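Chain by chain, the residues run as shown.
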Amino acid sequence: MKIAVLSGKGGTGKTTVATSLAQSLPECQYIDCDVEEPNGAIFLNPDLSQKFPVQVLVPQVDDNKCNKCGECAKACQFHAIAVVKNKVLVFPEICHHCGACIIACPREAVSETKRTIGFVETSRRGHFLQGKLNIGEPISVPIIQDLKRRMHEGIPVILDCSPGASCTVVQSIEGCDYCILVTEPTPFGLHDLKIAVQVVKKMGIPFGVVINKATSDNTSIQDCCRESQIEVLLEIPFSKEIAEGYSRGLLPVQNELWKDKFRKLYKEVKKVQA
Amino acid sequence: MKQIAFVSGKGGTGKSTLVSSLSILVQDKMLADCDVDAPNLHILLNGKTLKQEDYFGAKEAVIDSSTCLKCGICRETCRFGAISEQLEIIPMKCEGCGACLLICPAQAISLAEAKTGQTYVSETARGTFSHALLDIGAEGSGKLVTEVRKNTFNFEENEKWLLIDGSPGIGCVVIASIIGTDAVVAISEPTKSGQSDLERVLAVARHFEIPAFVCINKYDLNPEITSQIESYCANNDFPVIGRIPFDPDVMKALQRFKTPVETGNPRVTEEITGIWIRLTEELAKPTAKQ
Amino acid sequence: MKIAVSSTGTTLESTMDQRFGRAANFVVVDTETMDFESLNNGAAASGGGAGISAAQTVVDKGVGAIITGNIGPNAMNVLQAAQVDIFRGSPVSVKENIAKHQKGLLERIDTSVAAHSGMGR
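Chains D, R and G, in that order, are what the protein sequence lines are. The first sequence: position 36 = 32 (the numbering used here), numbered continuously. The second sequence: position 96 = 291 (the numbering used here), numbered continuously. The third sequence: position 33 = 23 (the numbering used here), numbered continuously.
Just chain D, with the same shape it has in the complex (with noise of 0.2 Å):
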């Protein structure tokens, strides 16, 4: 079974409870698909011993056939060519891979040619997967794309997603099989939940809602699922305990206690499957 996690906003616990779930079960395959800012890591303590390159195609101009007609420069929606003074600028950071330059190219001049953005690091067994986006890479899409196909086949698939709603969080949750939604109780945290709500709810993917950082006072959220009919799968108080392990880099399901009820979420989650 393949689980997201997610949160529309940022810092509302998305990696607590990814990585607490991970360590809570016998065996699972963690994916932290966050690749600007990776922190699974921190948590889990890996033994991350491969590393792989994460390549995209980008175009490359043939000096001897461009006669720089400056077509390509046009085409591009993204203006990662420019054509000045008989030279073609390409600049890779900004291409999208599309492809269009080949076309619009009346001389056959362009031709693309390969380039590292980032890479993949994995543990021994592949249990433990994380992307990292190249510092000055705008683009992290294909690195999430590269992570999604080494995912396991046969055991729990835990994929900690990126903040927001954006394309990378589309990328990293297609084709899973139910999305954790975290949240926290306050009116900035229900409304990115409402977004993010519409995200899973777009893309058919069955949910349910964890609170964190939960008070006395979750009203808000309880009464916002209650009537959209959203299950709340777990609390997680609000405590300063919890904070301050979190500062150090220590989880909640360190305590046996904690444990349980994370198993029980994936007991909860498994019988929308069957």
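Since the hints were derived computationally from the structure, they do not count as laboratory data. Any given hint could be a false lead.
As the list claims (entries may be wrong) - From the derived model, a few chain R residues whose C-beta atoms are all more than 10 Å from chain G: (1) Asn241; (2) Val257; (3) Cys266; (4) Ser279; (5) Glu283; (6) Lys288; (7) Ala303; (8) Leu306; (9) Gln313; (10) Thr319; (11) Asn349; (12) Asp377; (13) Asp415; (14) Asn460; (15) Glu465; (16) Glu466.
To be verified - No more than 35 Å apart at the CA atoms, straight line, and that leaves these computed lysine-lysine pairs for DSBU-like: (17) Lys387/R to Lys128/D; (18) Lys85/G to Lys81/D; (19) Lys85/G to Lys480/R; (20) Lys47/D to Lys257/D; (21) Lys288/R to Lys144/D; (22) Lys144/D to Lys128/D.
Note that this is a predicted model, so its numbers are computed, not measured. The beta-carbon is built from N, C-alpha and C at its ideal position, and this holds for glycine as well.
Using the hints, position chains R and G against chain D.
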């Protein structure tokens, strides 16, 4: 009008909480929510809409079915899987690259501006407020941030301050939020990730020669990292103008749609008031940028 | 020589825009006659690659120099490849910036602002 941008590097450090508190404490100001990917300020600021406009932030391929030959070459060409078997564009996947329209033998495809959200200016009890809401799956950009900031100027009535709630990160959106402002206030928290993101965002402010100040939220959560942040700031000339204690009441206040200064404990209110006093003092110094 | 100044408006009196890629306009001034032409910077409204596109626009106009505030590495590369000189102006009028340039008071920019990741995303 002096413009102050509040940024954080890492998300969830308390940026909007601080800005919403200041929206009560500071008089004679306008407000702009430039965290366009996850705007939150409007939730606390109910107001009357003065202006509402569609925002076109992306391009999308459009197939004219009357000229389409149904050859399917576009579908083979598209690298994003954005054209269905029925040869219809799947908007969520279309990158707007235009490869399909270049390859189409019948010239049946064009690129159209796609509406990706809306911008608003509203009149609220705490001042004129500019913000934007994006459609599901759409992404913000420097362009949208620029739009939100520009919208405030059309409604300016000689206010003294513009408080800008910036976005997390260090990318284009952040740069668009801070460029041309009089000061940047970076809100951090004493966690490993909070610390490294703070240093990155301060580097951006320094680069654009904007005076930058630091607030450490929940400073008592990890005294060790707090002191590391403080010595980094001291060594690099970034004044630390606030240390807000960890306080469960902040969250309780927010749950009632209140800012911490309205219902939270006096220590937090005092500290946030102090942040504003120290900031205005720093800006009044002759060394600060005009 | 023709000089392009990134500008918030469309005339010689307009204030220089400190941004290059996302400048609202470029005022292209012929320094001999002080004739000028205003170009709307279409790139300001594009999602990404604004600097490159803006640079292509001014290069296509045949300018010999530009005056702006901050310039990104990509735009810098395009302008350098086209042998356009870049000068750092200040947020005063286009006219004043041109005058300062004529007196040799403007600093030449050789290094761009740091590449910012996620630009345009």
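Going through the hints against the structure:
no., hint, result
1, Asn241, "holds (31 Å)"
2, Val257, "holds (18 Å)"
3, Cys266, "holds (30 Å)"
4, Ser279, "holds (24 Å)"
5, Glu283, "holds (23 Å)"
6, Lys288, "holds (16 Å)"
7, Ala303, "holds (25 Å)"
8, Leu306, "holds (12 Å)"
9, Gln313, "holds (16 Å)"
10, Thr319, "holds (28 Å)"
11, Asn349, "holds (14 Å)"
12, Asp377, "holds (13 Å)"
13, Asp415, "holds (32 Å)"
14, Asn460, "holds (37 Å)"
15, Glu465, "holds (37 Å)"
16, Glu466, "holds (32 Å)"
17, Lys387/R to Lys128/D, "holds (17 Å)"
18, Lys85/G to Lys81/D, "holds (28 Å)"
19, Lys85/G to Lys480/R, "holds (31 Å)"
20, Lys47/D to Lys257/D, "holds (34 Å)"
21, Lys288/R to Lys144/D, "holds (17 Å)"
22, Lys144/D to Lys128/D, "holds (14 Å)"
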